[in-house]
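Colleague: Next come the chains, spelled out residue by residue.
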Amino acid sequence: MTALPEGLEQSFTVAAGELGMACAAWLFVENVAREAGDAGVGALRDALGRPFPVLDAVAAQWLAGARALNTDPSRLLAAVEGSAGLVVVGLEAFFLDVLVARLPPDTRCALLCHSPFDVDWERVLSNYGGRVEPVNLESFQAWAGPRSVLLTFAYGVGGHSANVLPAWVRATGEDVRTQFRALMAWDVLPAPMFVYPRWLVEVDAASFTHLFQA
Amino acid sequence: MSAPEALLAFILLASLLLQAALPSRRLVVVTTGAALAALASALLGTATAPQLLADVPWDVIVILVSLGLLTQLFVESRVFGVLAVWATRWSQAQPRRVLVLFAVGMYVVSGLVNNLTALLLVLPILLILFKLLGVRQRYVSWTLALVLVACNLGGAATPIGDFPAILLLGRGAMSFEMYLVRALPTTLVALIVLLVLVMMGVRPERQLQQHPISARLTLATMGALYRNVRVEKGKLLPAAGWLGVMLIAWVVVPLESGVTADLVAWLGAAGALVMVGTLGERIIRAHVDVEATFFLLSLFVMVGAVKRSGLFTHVASWLQGLPIPPLAQLCVFLVAAGLLTGLFSAGPSMAALLEVAERLAVQHPPEAVYVGLALSVCAGSSLFLTAATAGPLAQALTERADLRDPDGAVIRFGFLEFLPAGLMSFCVIQCVALAWGTWASL
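Residue numbers (our numbering), protein chains in the order written: chain A, 1 to 214; chain B, 1001 to 1442.
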């Protein structure tokens, strides 16, 4: 069996906090595969799969032959066209990078600074050169309006349900839902979860006005 | 010792000990101490409050505030984050290289900006690296301690790096270039000796499992965390340009011209802030270090009160009257300076000891006394975690990071964890200070 370094759990939480669980998982899986091949990915799944179910699913995808993350935002961009504001709940850095790069200049973008992990939000936001503004659970409703959209990342949509970060449930109470034009989800993990989806909560897929598959 | 001398010295010492023991209330402690010192001086007839305030070296405070504002502009440019990422890449995520590069990097950075800012910018990146590398207690203790000591050495290397050197510059005790050409090589020697001793003797990375996958993941993750972070040239260029102008002015403009070191700093900071528009206004409103300014003001009042009582003159006379050769007197002074700094920290020690140093500088070459004193203060600052300017900040940031070793045990960085490196650093830097004092006196 391939030997992995000690202390990987701590290093994965660093990456998951500031890149997002799916992006961090892809980063880890790709780099372990380069160094130790599929055997290494298998060992990584054994070591970190249970505490980090998104990584478990990504490793399974890799072992099943998937080799690249699909971050194409075209369908999402079409849906947010004409919006004045986009509030993103949750972070998946590589997805957000391409989305922000292609957003129309007159669409403002905000990121809800809330995470189950330790995050240096200033560092996260400095990757967007001032294009993404920080908001928190108390202030994000200032962005509400008929031309504003709420977006989150979903993990493993299956049947009628989807897994999202708990912050989404806190942000989208009944009072908030009607204040935004649309509540969208971008499924960044089009694969089933094999272990209990720790860190995430299950919501009804029909609660989104739009749900896009990566 | 006369009654005024004893009472005012007691107020100064009690305030300094109390502020060291209660860092969370240090401003209240020193403010109260300064008020009591002013009251005692007035009642004992040694000085009035206006006289004590007139004795405050305002030029030093102007230099500190100006450099702090300029530093904030560097911070806004994100240059330090980008440099730290480069350091990570150069290190190839090898623990030995990480230690050396971050120590040397901190030495360079803290020569130009204040120690707290330097640490606040670099330490979070180092802590992230620790998490990614999967390190152990011993490695963390030695690496953080060496980074702190390098911070102290960098601060002592240039006349604008830290308070003790700024005090020398502000008082005109030494010119900019006179200090720089003497302190830079000596602090560099101390840093090199220390690094060689640690890398060859202690070898903090000895217990670490160095795995190619770990190095690869560390580099890939750090690259991803800073994937689009760029230096903002619109902020960096005014800051760097004006700092360059200030450095040139400090070297070439003669003091007799009336354009003093504090005026150069004031003009330089103002020039840089004017060039960045509204950001300049925001920096002045939000980033003047009120805590440090108020602390130093109170300190200067207390030291000024003791000075006016005549105690420092008596101490200097006592030192000069010791039945030992003059060179030995200087060595006694330097070692005492180091130990007192270990107890009281750099700012208070330097402010008080400079009064004695001025007397010794009549008998010895001024550069032997002043540079020796700056190095001794640096040695004392490196002795205990509580004495290092940025020590408590490093402790707080490390605790907040919740670092764990590969077995899940919490990694700490406190007084005891710092102590072995602190003792070694004190010995090395104090020896360099003594060697410098001896050599420059011959």
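Keep in mind the hints are simulated off the structure, nothing from the lab.
The reader is advised that the hints may include incorrect statements.
With the Cβ distance kept under 10 Å, some of the chain B side facing chain A (calculated, not the full set) [said to hold, decoys possible]:
id	residue
1	P1124
2	R1206
3	Q1209
4	A1215
5	T1218
6	L1219
7	K1233
8	L1393
9	A1396
10	R1400
Even glycine gets a Cβ: it sits at the ideal position worked out from N, Cα and C.
Colleague: Next, verify each hint and record whether it holds.
Modeller: Evaluation of the provided hints:
1. P1124: holds, 6 Å
2. R1206: violated, 15 Å
3. Q1209: holds, 6 Å
4. A1215: holds, 9 Å
5. T1218: At 7 Å from the nearest chain A Cβ, B/T1218 passes the 10 Å test, so the hint holds.
6. L1219: B/L1219 check passes; min Cβ-Cβ to chain A is 9 Å, inside 10 Å.
7. K1233: violated, 13 Å
8. L1393: violated, 16 Å
9. A1396: violated, 15 Å
10. R1400: This interface hint holds because 9 Å falls under the 10 Å limit.
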